[in-house]
Amino acid sequence: MGQTGSLNPLTSRAEVAARRPVWIRWGVFIVIALLGLAVRLPQLDVRPMHTDEAVNAYIVGQLLSGQSFNYEAKDRHGPALAALALPLAKMQGAKSFSDLTESELRLTDVVAGAITILLFGAGVEMFGFAPCVIAALLFAFAPLPVYYDRYFIHESLFAAATFGFILAGWRACVKRSPLQSALAGACAALMLACKETAILHFFALAAAALVFWFWNLRGKRRGGVRLREVPIAAAVFLLFSVALFTWFGSNWNAISGLMHAGPSLLARAGGEGHEKPFWYFAKLLTGGWSGGLISALACIGLILTVKQRDDSPFGFLGWYAVLVAVIYSLIPYKTPWLALNFWLPIALFAGLTITWLWSLPSRYRAVRVPMRIVCVGLGAVAAVLIAHDTRERVFTHPADERNPYAYAHTSDDLLGLAPEIAVLARQDGLASPRIAVIASDPWPLPWYLRHYGQVGFWQPGQKVGPADFYITSTDAADQYSAQLKDLRPEFFGARPGVLILLWEPAPK
Amino acid sequence: MMNTLSKKSGVLVVLLAASAAFAQDKVVLKTQLPPPLFVGTPVPLNVPNLEPPIKGKRPDFYVPAGTINLAKNKKVASSDSNPDTGTLDMINDGDKDGNEGSWVELGPGKQWVQIDLAKDANIYAVLIWHFHSQARVYRDVVVQVSDDATFKSGVTTIFNSDFHNELGLGAGKDLSYIETYQGKLIDAKGVKGRYVRLYSNGNTANKLNHYIEVEVWGKPAA
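Chains as they are written, first to last, in this note's numbering: chain A, 776 to 1283; chain B, 22 to 243.
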């Protein structure tokens, strides 16, 4: 960029990055990734399994039993998460659904989060060393990425794939590299195989590239559009997508399902009970002790980048961030984990702003020392705020309904259900109790009852056979009063405001 | 024919009950209810062993004339003297609103609160609002009355839903219930005592214990 007062501290990131020994660069990012792992790994099994995690776990259980992945646009996302979780679970000795543990499954997202942190090392030539180091540190320790990198859903892997796609795509354009094109195609396929919302990101990335081309690069340098690389990326994208969705050729119906996924996705985008106001994500990202500071830093970097028509990759990233934020905010369907999509630009722009603030004193030598002291002090305060939020939201109250990341979360109380049945079964001398679950939405009970061999699930109104224990939703029980008349109900909290009943032998 | 007879006898029973109440100089217990904050969770209606939910307003509960809320602004003690949220005096300050800022949050697991009525009283009803902004059940709710502040002697249990005797106070046979804005009314049957102690053991949303308000309706003992 090279303008006076420019936000970007580096005139040519590629040159500076090239001067820095590769082993130093990667050494730094490997250390940060290891720190990120150290934060993500403890107490992985403590938080109850969210319904979505339980569904994903069940899918992995099906794969462990030899079934193939059946793509269903209505109820499931793509197969990428299961494809990564399956080998990890096998490596840890799981052979069936009942063998699986929370830690084994959540390790998949921990690995995806660590990969994202490492990818900042690959982003140095694009965004500069210092901004990438700061972004990697933020990603490693900030509460939102740490929380959802310990959550067995698709978001962490999706974020990693998105970052990979941006990095490989940019390199393919700049270096005219067929390998990078193929990598970009593979990352795009991985994005789609994570979540169908990849389409929104493809749109945002394409639109951002166009705006960047016509607005930020206008009157400045202009390279040619490398169309030669596009067919390679497209071919790899198709190949990987087909391989993943058909579960490596075993279920070709998935292609038809994917082609007809539109209505289901549109219905989901409409809300389906998850409608939130436009400002939901803004409120979520600015919440807690550290959210406001991180968001403010990111906004400063973003605004100055857009204002200065920055022709560096930050200019492109800025438009992408704006478009993704607008798209996700306009769609009524909102869940907190979708905010992880904003965290790539947030971390990088916050890193850019901090780098800029740090470099300011060099222009004003008289105040260099005091300004640097202020910068260090601010950094220390930010570290304390982030540490507080991460501790509170990730470790101390991970499933508390007041934790904004714990959305429609399974209550801690439900953890007592299976042990209670075990105690009662032991008292009654039942080695393998028969458990009948009657509820229109029984999740996440299949996860918590996975160790019992005789568990059946019925919809309210269906005829249910004799069982030793009944578990019903609160609205289903009165249809089965004859079967339940000699049993005493005990309430368990499934989710905030949602109760289920365990029917156990009444006191004599 | 049978229906008509049944209706007539029902009316007769109500009239007799009302007459009996008035004959003993009884009046309807009138407490101020907070606004409801959630639409009730669907609850089975005709199932044995489950407390039926209140449809609309709770049926009138009669207490002797002159009965007042003895608990208001009286001294409160607790097994958790340093609540995570709120202060113990919120338990009997008259504020029954279900929103944040109106409840006191005690620590996880088994906890109790105790209200000192200042002098012996005949207690006819205890009304409890643990939490009513969502459908929730508080576990092992036990309410005791005693004239001994340490509850080592003279203890009368007026409610006990501790089915598994988790609290060690004896297994209870009262039914668990879903919290609502109408609170839980416990018939204390005129039991005499100065101290009212309320136990709970977490709830179906988390392991914490909450109180929005407790009312103890009675008359100072003669």
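Certain hints may be false.
Claimed, not checked - Okay, derived cross-link-like pairs now, DSBU-like style, lysine-lysine, Cα gap no bigger than 35 Å in a straight line:
#, chain 1, residue 1, chain 2, residue 2
1, A, 865, A, 1260
2, A, 1051, A, 1109
3, B, 95, A, 1051
4, B, 210, B, 173
5, B, 228, A, 1051
6, A, 1058, B, 194
7, A, 1238, B, 76
8, A, 1051, B, 210
9, A, 1260, B, 78
10, B, 194, A, 1260
11, B, 47, B, 95
12, A, 1109, B, 173
13, A, 1260, B, 76
14, A, 1260, B, 131
15, A, 1260, B, 95
By construction, these hints were calculated from the structure, which means they are not laboratory data.
Evaluated hints:
{"no.": "1", "hint": "A/865 x A/1260", "in the structure": "violated, 44 Å"}
{"no.": "2", "hint": "A/1051 x A/1109", "in the structure": "holds, 6 Å"}
{"no.": "3", "hint": "B/95 x A/1051", "in the structure": "violated, 43 Å"}
{"no.": "4", "hint": "B/210 x B/173", "in the structure": "holds, 21 Å"}
{"no.": "5", "hint": "B/228 x A/1051", "in the structure": "holds, 29 Å"}
{"no.": "6", "hint": "A/1058 x B/194", "in the structure": "violated, 46 Å"}
{"no.": "7", "hint": "A/1238 x B/76", "in the structure": "holds, 29 Å"}
{"no.": "8", "hint": "A/1051 x B/210", "in the structure": "violated, 49 Å"}
{"no.": "9", "hint": "A/1260 x B/78", "in the structure": "holds, 27 Å"}
{"no.": "10", "hint": "B/194 x A/1260", "in the structure": "holds, 16 Å"}
{"no.": "11", "hint": "B/47 x B/95", "in the structure": "holds, 25 Å"}
{"no.": "12", "hint": "A/1109 x B/173", "in the structure": "violated, 54 Å"}
{"no.": "13", "hint": "A/1260 x B/76", "in the structure": "holds, 22 Å"}
{"no.": "14", "hint": "A/1260 x B/131", "in the structure": "holds, 30 Å"}
{"no.": "15", "hint": "A/1260 x B/95", "in the structure": "violated, 43 Å"}
The structure shown violates the earlier hints numbered 1, 3, 6, 8, 12 and 15.
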